[in-house]
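Enquirer: Chains as they are written, first to last, in my numbering: chain A, 1 to 263; chain B, 264 to 714; chain C, 715 to 1043.
Honestly, the hints are just simulated from the structure, not real lab data. None of the values given here were measured: they were computed from a predicted structure. Beta carbons: idealized from backbone N, C-alpha and C, even for Gly. Possibly wrong hints are sitting among the right ones.
[Unchecked claim] A few chain C positions that, by computed beta-carbon distances, are all more than 10 angstroms from chain B: (1) L809; (2) E813; (3) E827; (4) D1014.
[Unchecked claim] Derived coverage of chain B by chain C (criterion: at least 3 residues anywhere in the stretch with Cβ under 8 angstroms from a Cβ of chain C; other residues may be distant): (5) 493 to 503; (6) 532 to 540; (7) 561 to 570.
[Said to hold, decoys possible] Derived coverage of chain B by chain A (criterion: at least 3 residues anywhere in the stretch with Cβ under 8 angstroms from a Cβ of chain A; other residues may be distant): (8) 291 to 301; (9) 329 to 341; (10) 407 to 413; (11) 576 to 583; (12) 645 to 655.
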Amino acid sequence: MTGPRLLAALCLAALVVAAPAVAQPSSGVSKPKGGEGLSLRELGEQLYAGNCSSCHGIDGRGVRSPRPGAGDVPSLGPSLRGVGELAPDFYLRTGYMPLGNPYDQPTRRDPLQFSDREIRALVDYVGSLRGGPAIPAPHPEQGNVAEGQQLFTEHCGGCHQVAARGGFVTGARVPPLGDASTTQIAEAVRIGPYVMPRFSKKQISDPELDSIIAYVQRTKHPVDRGGWGIGNVGPIPEGMVTWFIAAIVLVMACVVIGERIRA
Amino acid sequence: MIRRAIGVVDSRSGAAPFLTKLLRYVFPDHWSFLLGEVALYAFIVLVATGVYLTLFFEPSLSNTVYHGSYAPLRGMEMSEAYRSVVDISFDVRAGLLIRQTHHWAANVFVAAIVLHLLRIFFTGAFRKPREGTYLIGLLMLMVVLPEGYLGYSMVDDLLSGMGLAIGYAVAESVPFVGGNLALLVWGDPYPGHAAFESRMYITHVFILPAVIGTLIAAHLTLVASRHHTQFKRTKRQSERKLLGLPTFPGQAPRSLGLMSCVAAVLFLLGGLVQINPIWQWGPYQVAQSTNGAQPDWYLGWLIGALRLVPGFDLRIGDYTLVPNPFWGGALFPLLIFVILGIYPWLERRLTGDRGYHNVLDRPRDAPGRTAFGAALLSWILVVFFAGSMDRAVVTFGLSYAAQVWIYRAALVVLPPLVFLVVRRICRELQRSEEVEEDQHRAEAEARAARA
Amino acid sequence: MRRLLAALLLWLGGGRRRRREREEEKERIVEPAPKAPRAELVVVALLLCAAAAAVAFIVFYAIDGLRGQTQWFGLALGGSFAFLGAALILWGRELVPVEEIEEDYPEREHPEEQEAVERIVHESGTRITRKRLLTAAATAAGGAIGLAALTPAVSLGPVFDTGSLYSTPWRRNRRLVDEDGNPLRVDDIDEGTFYTAFPEGASQDTIGAPLVVVRIPAGEMALPADRADWAVEGIVAYSKVCTHAGCAISLYRKPLFPPTAPRPALVCPCHYSTFDPARAGKVLFGPAGRALPQLPLRADRRGVLRAAGNFSGPVGPSWSGVRRKGARS
Chain A
1 MTGPRLLAAL CLAALVVAAP AVAQPSSGVS KPKGGEGLSL RELGEQLYAG
51 NCSSCHGIDG RGVRSPRPGA GDVPSLGPSL RGVGELAPDF YLRTGYMPLG
101 NPYDQPTRRD PLQFSDREIR ALVDYVGSLR GGPAIPAPHP EQGNVAEGQQ
151 LFTEHCGGCH QVAARGGFVT GARVPPLGDA STTQIAEAVR IGPYVMPRFS
201 KKQISDPELD SIIAYVQRTK HPVDRGGWGI GNVGPIPEGM VTWFIAAIVL
251 VMACVVIGER IRA
Chain B
264 MIRRAIGVVD SRSGAAPFLT KLLRYVFPDH WSFLLGEVAL YAFIVLVATG
314 VYLTLFFEPS LSNTVYHGSY APLRGMEMSE AYRSVVDISF DVRAGLLIRQ
364 THHWAANVFV AAIVLHLLRI FFTGAFRKPR EGTYLIGLLM LMVVLPEGYL
414 GYSMVDDLLS GMGLAIGYAV AESVPFVGGN LALLVWGDPY PGHAAFESRM
464 YITHVFILPA VIGTLIAAHL TLVASRHHTQ FKRTKRQSER KLLGLPTFPG
514 QAPRSLGLMS CVAAVLFLLG GLVQINPIWQ WGPYQVAQST NGAQPDWYLG
564 WLIGALRLVP GFDLRIGDYT LVPNPFWGGA LFPLLIFVIL GIYPWLERRL
614 TGDRGYHNVL DRPRDAPGRT AFGAALLSWI LVVFFAGSMD RAVVTFGLSY
664 AAQVWIYRAA LVVLPPLVFL VVRRICRELQ RSEEVEEDQH RAEAEARAAR
714 A
Chain C
715 MRRLLAALLL WLGGGRRRRR EREEEKERIV EPAPKAPRAE LVVVALLLCA
765 AAAAVAFIVF YAIDGLRGQT QWFGLALGGS FAFLGAALIL WGRELVPVEE
815 IEEDYPEREH PEEQEAVERI VHESGTRITR KRLLTAAATA AGGAIGLAAL
865 TPAVSLGPVF DTGSLYSTPW RRNRRLVDED GNPLRVDDID EGTFYTAFPE
915 GASQDTIGAP LVVVRIPAGE MALPADRADW AVEGIVAYSK VCTHAGCAIS
965 LYRKPLFPPT APRPALVCPC HYSTFDPARA GKVLFGPAGR ALPQLPLRAD
1015 RRGVLRAAGN FSGPVGPSWS GVRRKGARS
């Protein structure tokens, strides 16, 4: 009796929460006309002026206190001086930037709003503002998965879930790492985007980072020796399988068996 | 051949009269009467697979370093208990099948018990003379929950450890004796004495299964001695006369068939759908935790309750009388079980109906009971779903704080609403049936008059 | 070979014939029902499938290095039971007489036997003159023996002394070390991240051992006056075990750009109790009933972090009777 009721409740819940997710506004980006003809630096400057400077300020100086921006959205953003090429590469290739409302948590966007050349141009421009770290080149193949799992559990699992399936921390969603590239993981660890801690090389050395990335890569294709992985997040989907598959099949068996043959 | 076998048995035990009775014992044929059987068969699978697992499991918390065939864990320090379960999963042939089947069987066992309980409740099968059967069944559910929890906890993976920490906190939160109770059970402050693992083990593999087995025996004895209830669908049936299939040849192949179906579902799930891949969680240490940790579904209502309670410890001056986890982790389930336990007497008091009942009510026949049960169920389900608030944030992007308040509001608003709506539906159904009956009667009379 | 087959067929068919001869000798107990040869064949087929699947299981078991072994096992064994179940259900529906028989419900009560029991008990007690005294003595004996039988259970744990719940391995001057035993230095601790620390030379796997260590930016520290010297250059340490239900606090929420993100907090992943590391571990959100216990810190001459005492309060989940002050070494 609870089977259908559970299912109905679940569908309802899904509908209620899916509605706002679908109605996400698409923030338009402005691109210079004839961008193909511009040099990389010129393109970067123009893209920056058109899409980033309202929040990150002219020359990446940042906007520390909110001021009125386009529409009703305030302008507010951190300084980009000294972040190097590492940070813009991460934010642009994950689609975290550009961000419609600076108070929103940036989330992964697919497809990206800038082309590869445009991203390279912006990365080059921001990197030129006052130097800073270059785009990292991790070597997960040199990492040790066992060490990576230990380090991941210690530093990352509390938020990202031990199999990197994402999670929740009060006030923010924690993204699953299934879509994160090895470079992006390395970048995020050093940046600490939004409310994530920032880990220096003293705390997590580059070889250790390689191990962590090797482990995360492994979680993308976990050893599902036991069969269908049902999301690798543990008991919630297991409970659903119990009720929506096992319980329903067995109740159906009961109905077939208990069916009255004679009136 | 048969005659000779019976002769041998009967002359030694005098069982023939009993046997003829047993073979012609009557089973009323309604599908919902089979839900308890599903639970029984899941229990049989649990015992069979569980015995196999004990042949490989090492209930020890002493430290070891893993060198087995699962590469990502190699070189990691862990307890013998966790190591042996990883070995069962990777190095014992068919070990993973049995382990997963065991775990699925536990999930299905509790689900079948709950379905069975719902059937009993909504049809009024708990009424005199079957209050004892009902209470034993309820008691079994209360024993099965910690039994499942222990199985989940013995493995000593990351999720086990977090679950045990919460269990310890709930034990500690019992007013006046909490601290003493936790120390008694754990032997030392958390994570407890090394012997705690053996305590869990003997409780999980012997004490509680023996209790469950005994309760099953008592339950079935009582069922058989008072016979099954029945739905009234023919004039031949009454409070004194039962109609149905005999054990043999009617019921036996059906029940055996159901047993095979239960085993089929459990083994198919055990082989095809992964459950609790402990190698992905890694071993437990006090200083470690993971996001989105959850208990098995049948304890989901407790994690929901723990999360919905506002943050306070009940203090008198500097003396903490009731720590927070008590409300959601102990009082809430206790309250539910007490309500369910006293319900037969409560209903007797409210309706003044003290009679014998062998004939069941359809849910609509007892609008008050059905409405009450639905309201109680909705209350539990709200708390149950609150247990997955954090995954709802990840999956749907809902605000956690907002969900907490929505669920708290639903706890107050939903049950009365469900009560009123369900009672109304029952009454409408009754009324429409009466109208239909009147119509039939009128038609029949008209026909008679014409003739 | 052919003769063997013929003999087999004869035996299978013959069994049927012989049984037929015996039928209808007496009045039947089981109702008669029509034959269903086609269903019979289906049942036979299903049973043979069950047997085949069971044999397949044994074969799969014998194969070394079978890919997806667990899945093949599950399919074979589960399939075998599924075929068997289908065969039995069909058997129950088509191959046995489906009778509906009546039975009287058992007698509701047995007044004569009830009275007999009462009289047996009553009459057995007629020799007794001091009934109450005897009952009291028997109760005393039973109760005392019961208690005596339970007494050894007290050895399970220090049940009467909850003092051990207050104790932690921390004491003044104990160094903070990481998981591998390396001491934590003031210079190693960065802002914007968190560290897990343990007491040097003590077990890491106790509830009182693990610490979460963070460095609070200069302007944001807001410790109460009596704890002003508990931080070293903005570095504070708290018990890593949640005061609500004992899970490890392994979430540090730390805004990269504070104007647009929630403030720094330590969060427990079990029930999302949220604590403020800048304000002495105060509860910001969630079900926790008391602040996170803080460990006073100091730095020695080499810049290594050491405990300057024990925690501000008992570590781990609250128990009934816990006082807010007083962790012990």
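Enquirer: Confirm or reject each hint.
Expert: Going down the list of hints, with the structure as the test:
no. : hint       : verdict
1   : L809       : violated (8 angstroms)
2   : E813       : violated (6 angstroms)
3   : E827       : holds (14 angstroms)
4   : D1014      : holds (24 angstroms)
5   : 493 to 503 : holds (count 3)
6   : 532 to 540 : holds (count 4)
7   : 561 to 570 : holds (count 3)
8   : 291 to 301 : holds (count 8)
9   : 329 to 341 : holds (count 7)
10  : 407 to 413 : violated (count 0)
11  : 576 to 583 : violated (count 0)
12  : 645 to 655 : holds (count 5)
In summary, the structure is inconsistent with hints 1, 2, 10, 11 from the numbered list given earlier, while agreeing with the others.
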